[in-house]
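Position chains E and X relative to chain B; hints supplied.
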Amino acid sequence: MKKVLSLAIAAALVAPAAAMADATLFGKAHFIIENTDTTPSKGADSTDFWSVDSIHSRVGVKGSEDLGDGLTAVYHFEFKVNQDSGDGLGDRNQFVGLAGGFGTVLLGRHDTPLKMSQGKFDQFGDLPHGDIANVMPGEDRVDNVIAYVSPAMGGLTFVGAAVSGELGDSVSLYDAGTATTISTEPSLDSLFDHISVAGLYSNGPIFASLAYNSYSLGDDLDADPSLLRGTFIWDGGMWQAGAMFNSWDWDDVTGDTDSWGLSGNLKVGANGKVKAQYLYADSPRSTANKALAAVTGLEVTDGFSPDISVSLDGDADNEVTQFSIGYEHNLSKRTILHAGYTAYEEDGSGKEVDAFFGGIIHNF
Amino acid sequence: MKKVLSLAIAAALVAPAAAMADATLFGKAHFIIENTDTTPSKGADSTDFWSVDSIHSRVGVKGSEDLGDGLTAVYHFEFKVNQDSGDGLGDRNQFVGLAGGFGTVLLGRHDTPLKMSQGKFDQFGDLPHGDIANVMPGEDRVDNVIAYVSPAMGGLTFVGAAVSGELGDSVSLYDAGTATTISTEPSLDSLFDHISVAGLYSNGPIFASLAYNSYSLGDDLDADPSLLRGTFIWDGGMWQAGAMFNSWDWDDVTGDTDSWGLSGNLKVGANGKVKAQYLYADSPRSTANKALAAVTGLEVTDGFSPDISVSLDGDADNEVTQFSIGYEHNLSKRTILHAGYTAYEEDGSGKEVDAFFGGIIHNF
Amino acid sequence: MKKVLSLAIAAALVAPAAAMADATLFGKAHFIIENTDTTPSKGADSTDFWSVDSIHSRVGVKGSEDLGDGLTAVYHFEFKVNQDSGDGLGDRNQFVGLAGGFGTVLLGRHDTPLKMSQGKFDQFGDLPHGDIANVMPGEDRVDNVIAYVSPAMGGLTFVGAAVSGELGDSVSLYDAGTATTISTEPSLDSLFDHISVAGLYSNGPIFASLAYNSYSLGDDLDADPSLLRGTFIWDGGMWQAGAMFNSWDWDDVTGDTDSWGLSGNLKVGANGKVKAQYLYADSPRSTANKALAAVTGLEVTDGFSPDISVSLDGDADNEVTQFSIGYEHNLSKRTILHAGYTAYEEDGSGKEVDAFFGGIIHNF
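Protein chains in written order, with the numbering used here: chain B, 1 to 364; chain E, 1001 to 1364; chain X, 2001 to 2364.
Isolated chain B, as found in the complex (with noise of 0.2 Å):
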């Protein structure tokens, strides 16, 4: 009886002490004061406006036990806190795993192991106007996930991860004779439709990553681009170093379109810290790719998978950069206030966007 009570009622009567012992409830509370400007294209009229923003903040849950034997089981549930629109959580990393001496196993939705592997390059990460997704392709979370994490090997982890389409994913085409849109059948069938894999190397000062990813488009489409990304960063202590190189591989289509960065950090007093960073991409990430546009003939304008970010759009003659600047100051080391400036440019189609930004991070 005790059995079919416990499922519903009694539940609720029994608190489990040993339960809530390993059930962390963490979270992050990041929001920002900006004024965005943007000039949507060449000649046109620019909008200036101010705003009060979360910036992915975030609770979660997470916890794991002790299986004896040197196993490990974890668990991580953790959502994004839709402080704008209204409509409760949103997701970010969920998964299940199992840790041992072999590494650690998961099964959920999860960064894949290129976006992983930036390590802390991105200096303003999570910032409408400065993260490097807005011009690098690859910063992924993807649901659907089989990932492996090595343990380190003299320094040396490899990660990777298998995306299975699960049937849903089609690739749509815009037909401009026609003006209609059709969509190739979805044929994404196996656990590794999508792969990821990176390497990370860090020994003192040193942090190296080479990371690849291999898309599928199904059978209706004769391309599997890929993404390959390297980056390295020098930890002087005082300061920081970084550089990223992506490259999309459009499967011999047409020549590659690429994109690079360079980003740094000064420690300031005890507490400071003065930051830049500098983005250049080939051509802006689109969801209308040009390159890929010369296999089918039709313009691809939403490719791959609905969770895979899509590429840049190769067009040779839009070239982008992103320019960042910043400082940050430690009330703590859990609450860090912000404030910096992102300059975007395309220089073909002459879009611009200036923000000017300022903010506090609270973590938990």
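Calculated from the structure, these hints are not laboratory results. The reader is advised that the hints may include incorrect statements.
Within a straight-line C-alpha distance of at most 27 Å, the following computed BS3-like cross-link-like pairs (lysine-lysine) qualify [unchecked claim]: (1) X:2042 / B:80; (2) X:2333 / X:2080; (3) B:28 / E:1080; (4) B:28 / E:1120; (5) X:2028 / B:28; (6) E:1042 / E:1120; (7) E:1080 / X:2080; (8) E:1028 / X:2028; (9) E:1333 / E:1042; (10) B:28 / B:275; (11) X:2080 / B:28; (12) B:267 / B:333; (13) B:80 / X:2080; (14) B:80 / E:1080; (15) E:1080 / X:2333; (16) X:2333 / E:1028; (17) B:80 / E:1028.
Some chain B residues close to chain E (C-beta under 7 Å, calculated; not the full set) [said to hold, decoys possible]: (18) 23; (19) 67; (20) 69; (21) 89; (22) 96; (23) 108; (24) 109; (25) 146; (26) 150; (27) 167; (28) 187.
Selected chain E positions facing chain B (Cβ under 10 Å, derived; list incomplete) [to be verified]: (29) 1028; (30) 1031; (31) 1032; (32) 1047; (33) 1079; (34) 1359; (35) 1362.
Treat the numbers as computed from the prediction; the structure is a model and nothing was measured. Using N, Cα and C, we set each Cβ at its ideal position, and we do this for glycine too.
Same frame as chain B, now just chains E and X:
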């Protein structure tokens, strides 16, 4: 002054340790890898694909307060983790109640007593291919519930629930002649529009239950279908065997449509368990209830309250079977690995689904 | 190396006990059973039905960190439990801030100071039939808020909030001549598009407050309506009496539209409280503001920022009254049973709503 601020600001400044003491964070992480091979109908091409999914993973907060005089206040807010859809959290059981010598009274969203009456019958619960809900009606979680659980009396417990339709519910009817869908006038206005009751008996190795649901379809439809469920489980320590029977009564419109099942498991070694389950139904679950069409002259395309699951569709020429076998291995009391196979068949339509799955469960 | 993994995987392996220490899980479970009898207009048929509802049940996480030098970081993420709709969680107050000798500064989503200025006036807060929000304008929770709360100075506290419209807001206008809806150009671009300020005074039995909201409707509409609210409450220990007055100013388009109310309660025995409330308004709350139509020549069908509640509709021939009586019984400091009755009437339209309700509140 303190009173006003405590509502809004000061609340954040003071962490009431006492309140925290009985708020228990709990949940379950359950993810599987699955291969599904579906043949939609006789002679049709089959579709085969792999997937990685969260299986009703959940998080919740619950607690209780001793009110003195044998009275206890209980609360329980439980949410589904929507790993796949990316939209944060969905709803599971959510209620507040009072417990005492008289039993427990609850208000909120809850599994029906008929669903609760299954005890530990379902060996493949929650699994997309395996759960008894694929074959049997009545696996409902409903909102707007007033529920009562009696104290155990010599092994016998009574559970009852009343569900209000709150005017928002109506039945959709499809008129094939005019190819239009019409809806009945939403006339469900009482606290007892739908009723679910169950008697549960537990004594030594024996668990037995009998449960009954009665549905109101409103004033426009002269039909009040009902569902009867009986469950019997023998727990032999090293093994368990169970039987379940469901009979859907069309309110004298036509004969009953029935479903039944057998399940069992056998412990293997210290931490293993082999399990099997066979389910049968006269006809598939469906929202288009052919028997009910005999009352209305119209095809019912969406029946009952939105929260009440559909019944068997009453097609006498389309018998359903679902057979599952599997193995569970306990890594600890809270962490379980499992693997299994399910075959679902409709002998009339020729629909077939074969699924292989393996997964990990971690309770916290 | 650790740095990279700590972002994603290792985070789950280590449960930081220190972090947990000040993350407080809190909430409120409030469910009612209600009978509602609605007559939509003079001579129309009434609709009578029962319901079981969650009344702004909520869960949240909050905490603070002592930053030294008298400075404290605070955070507060609170979510509504959507028991009825089934879609998990909605939003309540969500913010991060810094508190010190200068007061408290917050960024995020928050009740306006005008709403906060009501103190303990509302005897039937949150209830679908009873809350002052049914009759009085200004009961707003808004996002994109910068708020300031002063320290108490001799019983006096100042609270101010600035709300940015973030260009997303526009006013919808209905042109009856062409039967089309047009929207004003969304031109709200400052941090101070909407303003809410309040002065609160608390001294012994006296609580008094004065609050003011100013709304911007953008460049296209030559109107900046405002709202003034005064509240006075006397807390006599065994009893409480309060009065509130709201005046909506149409920016000289037409006369003010006003609302006022009286409320009180009387303690009965050790744990009981009888309470009553009477509210009056010149005209009903509405999104179709007749007075504003005088400015535009068009009917305003959706006014202000989406998060700012509508005003009184300015119909001088449709006075509103809402009368409520009720009883509360404390089972403990945290658990309360209550029952009550509310009658709502519009004397022009003839709309009438009578509601009986009983419920249980549990704070945690």
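For each hint, the structure was consulted:
As the CA atoms of residue 2042 (chain X) and residue 80 (chain B) are separated by approximately 48 Å, the hinted pair breaks the 27 Å bound. Note on residue 2333 (chain X) and residue 2080 (chain X): the hinted pairing holds, with a Cα-Cα distance of about 22 Å set against a maximum of 27 Å. Between residue 28 (chain B) and residue 1080 (chain E) the CA atoms are separated by roughly 22 Å; this keeps the pair inside 27 Å, and the hint holds. The straight-line distance between the Cα atoms of residue 28 (chain B) and residue 1120 (chain E) is roughly 40 Å, outside the 27 Å bound, and the hint therefore fails.
Using a Cα cut-off of 27 Å, the hinted pair residue 2028 (chain X) and residue 28 (chain B) holds, with the two alpha carbons roughly 23 Å apart. The suggested pairing of residue 1042 (chain E) with residue 1120 (chain E) is violated, with an alpha-carbon distance near 35 Å, which exceeds 27 Å. At roughly 15 Å between alpha-carbon atoms, residue 1080 (chain E) and residue 2080 (chain X) fall within 27 Å of each other, so this suggested pair holds. Taking the CA atoms of residue 1028 (chain E) and residue 2028 (chain X), the gap is near 23 Å; set against the 27 Å cutoff, the hint holds.
About 44 Å separates the Cα atoms of residue 1333 (chain E) and residue 1042 (chain E), which puts this hinted pair outside 27 Å; it is violated. Proposed proximity of residue 28 (chain B) and residue 275 (chain B) is supported: the alpha carbons are some 21 Å apart, at most 27 Å. Straight-line distance between C-alpha atoms of residue 2080 (chain X) and residue 28 (chain B) comes to about 19 Å, which keeps the hinted pair within the 27 Å bound. Proximity of residue 267 (chain B) to residue 333 (chain B) is assessed by CA-CA distance (about 15 Å); at most 27 Å being required, the pair is judged to hold.
Between residue 80 (chain B) and residue 2080 (chain X), the direct Cα distance comes to roughly 15 Å. Compliance with the 27 Å bound is thereby established for this hinted pair. Straight-line distance between C-alpha atoms of residue 80 (chain B) and residue 1080 (chain E) comes to about 15 Å, which keeps the hinted pair within the 27 Å bound. Only pairs whose Cα atoms come within 27 Å are accepted, and residue 1080 (chain E) paired with residue 2333 (chain X) is rejected, the gap being roughly 31 Å. A hinted pair counts as satisfied when its Cα atoms are at most 27 Å apart, and residue 2333 (chain X) with residue 1028 (chain E) does not qualify at roughly 32 Å.
Our distance criterion of 27 Å between C-alpha atoms is met by residue 80 (chain B) and residue 1028 (chain E), whose separation comes to about 19 Å. Look at residue 23 (chain B): its Cβ gets to within about 4 Å of chain E, closer than 7 Å, so that hint holds up. Interface restraint check: residue 67 (chain B) against chain E, minimum CB-CB distance 5 Å, threshold 7 Å, status holds. At about 9 Å, the closest approach between the beta carbon of residue 69 (chain B) and any beta carbon in chain E exceeds 7 Å, and the interface hint on this residue is violated.
The interface hint given for residue 89 (chain B) is met, as the beta carbon of that residue sits about 4 Å from the closest beta carbon of chain E, less than 7 Å. Restraint check, residue 96 (chain B) versus chain E: the minimum CB separation of about 4 Å is within 7 Å; hint holds. Interface hint status for residue 108 (chain B): upheld, as the beta-carbon distance to the closest one in chain E is roughly 6 Å, under 7 Å. Interface hint status for residue 109 (chain B): upheld, as the beta-carbon distance to the closest one in chain E is roughly 5 Å, under 7 Å.
Here the hint on residue 146 (chain B) is kept, as its CB sits about 6 Å from the closest CB of chain E, short of 7 Å. The interface hint given for residue 150 (chain B) is violated, since its Cβ lies 19 Å from the closest Cβ of chain E, which is over the 7 Å cut-off. With its C-beta approaching chain E no nearer than about 5 Å, residue 167 (chain B) sits inside the 7 Å limit, and its interface hint holds. Here the hint on residue 187 (chain B) is broken, as its CB sits about 9 Å from the closest CB of chain E, past 7 Å.
Hint status for residue 1028 (chain E) relative to chain B: holds, with the closest Cβ pair at about 9 Å, below 10 Å. Look at residue 1031 (chain E): its Cβ gets to within about 4 Å of chain B, closer than 10 Å, so that hint holds up. Contact between residue 1032 (chain E) and chain B, as hinted, is supported at the beta carbon level, the nearest pair being about 8 Å apart and thus within 10 Å. Satisfaction of the interface hint for residue 1047 (chain E) is found here, the shortest Cβ-Cβ separation to chain B being roughly 7 Å, below the 10 Å cut-off.
The interface hint given for residue 1079 (chain E) holds, since its Cβ lies 9 Å from the closest Cβ of chain B, which is under the 10 Å cut-off. This hint holds: residue 1359 (chain E) has a C-beta 8 Å from the nearest C-beta of chain B, less than the 10 Å allowed. The interface hint given for residue 1362 (chain E) is met, as the beta carbon of that residue sits about 5 Å from the closest beta carbon of chain B, less than 10 Å.
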